[in-house]
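Asker: So the sequences go chain by chain: A and B.
With the first letter of the first sequence counted as 1, position 147 gets the number 147 in our numbering; the numbers rise by one all the way through.
With the first letter of the second sequence counted as 1, position 13 gets the number 13 in our numbering; the numbers rise by one all the way through.
If you are wondering where the hints come from, they were derived from the structure by calculation, not from laboratory data.
Incorrect hints may appear among the rest.
Derived pair list, reagent style DSS-like, types lysine-lysine, alpha-carbon separation capped at 25 Å [said to hold, decoys possible]:
id, chain 1, residue 1, chain 2, residue 2
1, A, Lys45, B, Lys205
2, A, Lys98, A, Lys46
3, B, Lys315, A, Lys46
4, B, Lys205, B, Lys289
5, A, Lys98, A, Lys45
A few chain B residues facing chain A, derived, Cβ under 8 Å [what the hints assert, rightly or not]:
id, residue
6, Leu12
7, Gly15
8, Thr59
9, Phe60
10, His92
11, His110
12, Gly115
13, Thr116
14, Pro117
15, Arg119
16, Tyr175
17, Pro215
A quick note: this is a predicted structure, and the numbers were derived from the prediction, not measured.
Glycine included, C-beta positions come from ideal geometry on N, C-alpha and C.
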Amino acid sequence: MTESDVAVVGFAQAPNVRATHGTTNGVEMLVPVFDELLDGTGLSKKDIGFWCSGSSDYLAGRAFSFIAAIDAIGAFPPINESHVEMDAAWALFEAWVKIRTGEVDTALVYGFGKSSAGDLRRTLAMQLDPYFVAPLWPDSVAVAGLQARLGLDSGLFSEQQMAQVAARSRADAQRNPNAQVSGEVQVSDLLERPYVADPLRAHDCAPITDGASAVLLASADRARELRARPAWITGLEHRVESAQLGGRDLTASPSTSDAASAADATGVEVAELHAPFSHQEILLRTAIGLGESTRINPSGGALCGNPMFAAGLSRIGEAASRVWSGEAGKVLAHATSGPALQQNLVCVMEG
Amino acid sequence: MTETSEPLSAPLEVGFDYTRSLGSVLGRFATALRQRRITGVRGSDGRVHVPAVEYDPLTFEPLDELVDVGSDGTVLSWSWTPQPLEGQPLRHAFGWALIRLDGADTALLHAVDAGTPDRMRTGMRVRARWAAEPVGGIRDIACFDPVEDAAQQAPAPADSDEPVTKLTTPIHLHYRHSASPEESRYLRGLAEGRLLGQRCPACGKVYIPPRGACPTDGVPTEEEVELPDTGIVTTFCIVNVPFLGQRIQPPYVAAYVLLDGADIAFLHLVLGCAAEDVRMGMRVRAEWKPRAEWDTTLQNIDHFTPSGEPDAPYKSYAHHL
């Protein structure tokens, strides 16, 4: 490893739940998450070189909502801090750059969101083109349904395959104590359930989730001190597609393909994909070029818990943990932001 | 301290009329909508984008060739909405669709009033239904109808030639706002006329309102501390400017008030003396509203007023500025 290398060395998350009693600033969720993340590392909050978060004012219903969350860090005396109004996987990208500049040698990245405070399907309309799309208030499930129909009509997948994704995710989530949804379900039973937004059934859509997660990054020297088998980031790329939904090919995910290619996703043994809708997992697998031998979403994935602005970051933590345990040598984590897989990030890690 | 009751929560309504300048390309697209015409912009590769875009998504070249497209089109994809959400184009169940209008190469997202999902299908033909009073926005298209259902369209109003340069979109979102357990104790205390702070277990500082976590130590504040309703002005400003929603005639004083025994000041009003007489270090006391008007809010204190005691020395509050 060279001096500019960066590794993922820690991960913690709040339980994924339908609703919390807490505030939208996430402080109550974040305090125990930070404690768990730093426990056993020998680091205190004062030792962290850079903090970066992902969250959303529209989700919180208040301006500069991330400022209140900073109380959970202990931000006095002043700290080195930044924020992205996206999934915190993009905050991790910023922290990765920060460590590579040599300015800091540790960074703590966190994301949080209390989706239950508002009406998530309407709130997400705020990320659409504000001129000629958002004024119609298309909701997030309807937009995903348009994407799913395009895939179904063109024969890329079937409703049965979508249900298989949901069933496998729920079965895997039984081994994830933080999952919101889990259990053994029969594909045939799922297909008998009603549509919530034809062609999507409830199992095709991620649940509405409150939650938070945090990931610890370290430079090469610090990483070896902090973990016996760090998850070295060997590729980290993100790409964006047009904001014009009707101008994109929604049955492919070219931004994911480009990011995966640039990050060298070949030969990954485990992939944690941030797919809030069942058909999106199928599109992402094709876009990245993942074969049958790659284990997909052993955590259960976003279909079993989708805390907005933390779920993508959690994929990086979940994938890294497979490297720490020795279960895999090369893993991939994917995060998405925006409607219908508009923006995509791919993080490849190796032991 | 153990929290025995649920945190306080209340509805929170957030709303704003977003007003945006449109520029030349989007402005001409909006102007055409008000004339009950749909236009697109021709891309660098000759494809026609609807809605119009200002830059080519492939080459990033600026685009400005507006072309008319049809108000009939073909559904490329659809999803069904059994229970429309607030703000959506129709109040009854409808289909969202990506519609490629005749003469266009990209698809417009809009609603199709098909009645039931079994009338929706990929490839179906639909026609724009115009709103009664066009204003120059996407909602001038009320929705799309299956072509066989489409009624005769009225011509555009005569006064629709003025260019559309701005777009106003009202955005209203609804939340359930929750206070933290610490804030909830403070707010419930106010309803009893008590000022409750909490002390950080690590640094000993007393915060009012108490915090979910001490900003120095990152741990929740815990020990309850009842504070008096007397304190000092640490800093202040004289408000001379009238603004929307103002409750008091300017000039008046908004001040940071540091209660005796607290380590953090809060913002309140200082009345009861001429604005120019307010100063840093001035001793003040709370003027409470009549008890019958109390609620779980700091507005139970109408304002602070000079107590007439000697000013606090600067060094006694310098570290609270």
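Asker: Does each hint fit the structure? Answer for all of them.
Answerer: Verification of the supplied hints:
1. Our distance criterion of 25 Å between C-alpha atoms is met by Lys45(A) and Lys205(B), whose separation comes to about 19 Å.
2. Using a Cα cut-off of 25 Å, the hinted pair Lys98(A) and Lys46(A) holds, with the two alpha carbons roughly 18 Å apart.
3. At most 25 Å may separate the alpha-carbon atoms for a hinted pair to count; Lys315(B) and Lys46(A) exceed this at roughly 29 Å.
4. The straight-line distance between the Cα atoms of Lys205(B) and Lys289(B) is roughly 29 Å, outside the 25 Å bound, and the hint therefore fails.
5. A distance of roughly 18 Å separates the Cα atoms of Lys98(A) and Lys45(A); the hinted pair therefore holds under the 25 Å criterion.
6. At its closest, the beta carbon of Leu12(B) sits 5 Å from a beta carbon of chain A; the interface hint therefore holds under the 8 Å criterion.
7. Violation of the interface hint for Gly15(B) is found here, the shortest Cβ-Cβ separation to chain A being roughly 11 Å, above the 8 Å cut-off.
8. Because the smallest distance between the Cβ of Thr59(B) and any Cβ of chain A comes to about 12 Å, over 8 Å, the interface hint for this residue is violated.
9. At a threshold of 8 Å, the smallest CB-CB gap from Phe60(B) to chain A is about 11 Å, leaving the interface hint violated.
10. Checking His92(B) against chain A by beta carbon gives a least distance of about 15 Å; that is not within 8 Å, so the hint is violated.
11. Among the interface hints, the one on His110(B) holds; its C-beta lies about 7 Å from the nearest C-beta in chain A, closer than the 8 Å criterion.
12. Because the beta carbon of Gly115(B) sits about 14 Å from the nearest beta carbon in chain A, more than 8 Å, this interface hint is broken.
13. For Thr116(B), the suggested interface contact is broken, since its CB lies about 11 Å from the closest CB of chain A, more than 8 Å.
14. Nearest Cβ of chain A to the Cβ of Pro117(B): about 5 Å, under the 8 Å cut. The hint holds.
15. Against a cut-off of 8 Å between C-beta atoms, the interface hint on Arg119(B) is violated, since the closest Cβ of chain A lies about 12 Å away.
16. Hint status for Tyr175(B): holds, given a least beta-carbon distance of 4 Å to chain A, under 8 Å.
17. For Pro215(B), the interface hint holds, since its Cβ comes within 8 Å of a Cβ in chain A; the closest pair sits about 5 Å apart.
Hints 3, 4, 7, 8, 9, 10, 12, 13, 15 from the earlier list are contradicted by this structure; the remaining hints agree with it.
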